[in-house]
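K.L.:
This is what each chain is made of:
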Amino acid sequence: RKEVEQDPGPFNVPEGATVAFNCTYSNSASQSFFWYRQDCRKEPKLLMSVYSSGNEDGRFTAQLNRASQYISLLIRDSKLSDSATYLCVVTKSGGSYIPTFGRGTSLIVHP
Amino acid sequence: GAGVSQSPSNKVTEKGKDVELRCDPISGHTALYWYRQRLGQGLEFLIYFQGNSAPDKSGLPSDRFSAERTGESVSTLTIQRTQQEDSAVYLCASSAAGGLRGEQFFGPGTRLTVL
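In order, the protein sequence lines correspond to chains D and W. Per the numbering used here: the first sequence = residues 1 to 111. Per the numbering used here: the second sequence = residues 112 to 226.
In isolation and in its complexed conformation, chain D is listed as follows:
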């Protein structure tokens, strides 16, 4: 099993839709969780950190389920500009805290 797994998609949704992605991780010692966004042929950029209690930033909500070892990202009222690849990142404690990136989930928002 890969350390961090994501459904590659693509998720093809109309503007205004609500869409959710999950990301599963295999190492129970994982401590920090992030969602990054990567536009086509661009570098990844931090979208949001994921906190144990869940957190929201505008139209974006991130949640962590430690028992089932997954994190989720919910996007409400999708915009065309949300079209991108969403990368799940997990960092485990111990050693030098190397973050592990998932392969990403592709989102396409159409008019």
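Incorrect hints may appear among the rest.
Think about it this way: if two alpha-carbon atoms lie no more than 27 Å apart in a straight line, the pair counts; the simulated BS3-like pairs of lysine-lysine are [claimed, not checked]:
(1) D:Lys42 - D:Lys79
(2) W:Lys168 - D:Lys45
(3) D:Lys45 - D:Lys79
(4) D:Lys42 - W:Lys168
(5) W:Lys128 - W:Lys168
(6) D:Lys42 - D:Lys2
(7) W:Lys168 - D:Lys2
(8) W:Lys126 - D:Lys42
(9) W:Lys168 - W:Lys122
(10) W:Lys122 - D:Lys42
(11) D:Lys92 - D:Lys2
(12) D:Lys45 - D:Lys2
(13) D:Lys45 - W:Lys122
(14) W:Lys168 - D:Lys92
(15) D:Lys92 - D:Lys45
(16) W:Lys168 - W:Lys126
Derived by calculation from the structure, the hints in this document are not laboratory data. All figures in this text were calculated on a predicted structure; none of them were measured in a lab.
Since the structure of chain D is provided, determine the placement of chain W on it from the hints.
P.N.:
The following block gives chain W in isolation, referenced to the frame of chain D:
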């Protein structure tokens, strides 16, 4: 302030040649990471520098790959005797804190093509 910069932005080389890729992190960032991203694939960790600690080289795919960092500034990634499978985008990221909670800021990458 300036973000992470990388040079060159594109590099085309012939199989067997050596290449050197440069990364200028954000000033003051103690942590620096190198990743490789093949077309359509995820980010593959290569090496991590944190301050003056010994680098974590656990992601380097072979002894043809090496990297250096001078203090908390510039880093260079060297690939010797390049192979066609080395073709990828090489991304550098820096972080103020590193460790568990440090947000990573990525450079635009160097697109390496080995003919």
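K.L.:
Decide, hint by hint, whether the structure agrees.
P.N.:
Cross-check of the supplied hints:
| no. | hint | verdict |
| --- | --- | --- |
| 1 | D:Lys42 - D:Lys79 | 19 Å, holds |
| 2 | W:Lys168 - D:Lys45 | 24 Å, holds |
| 3 | D:Lys45 - D:Lys79 | 18 Å, holds |
| 4 | D:Lys42 - W:Lys168 | 25 Å, holds |
| 5 | W:Lys128 - W:Lys168 | 22 Å, holds |
| 6 | D:Lys42 - D:Lys2 | 25 Å, holds |
| 7 | W:Lys168 - D:Lys2 | 20 Å, holds |
| 8 | W:Lys126 - D:Lys42 | 26 Å, holds |
| 9 | W:Lys168 - W:Lys122 | 23 Å, holds |
| 10 | W:Lys122 - D:Lys42 | 17 Å, holds |
| 11 | D:Lys92 - D:Lys2 | 14 Å, holds |
| 12 | D:Lys45 - D:Lys2 | 23 Å, holds |
| 13 | D:Lys45 - W:Lys122 | 23 Å, holds |
| 14 | W:Lys168 - D:Lys92 | 17 Å, holds |
| 15 | D:Lys92 - D:Lys45 | 20 Å, holds |
| 16 | W:Lys168 - W:Lys126 | 24 Å, holds |
Violation of the numbered hints given earlier is absent; every hint is satisfied by the structure.
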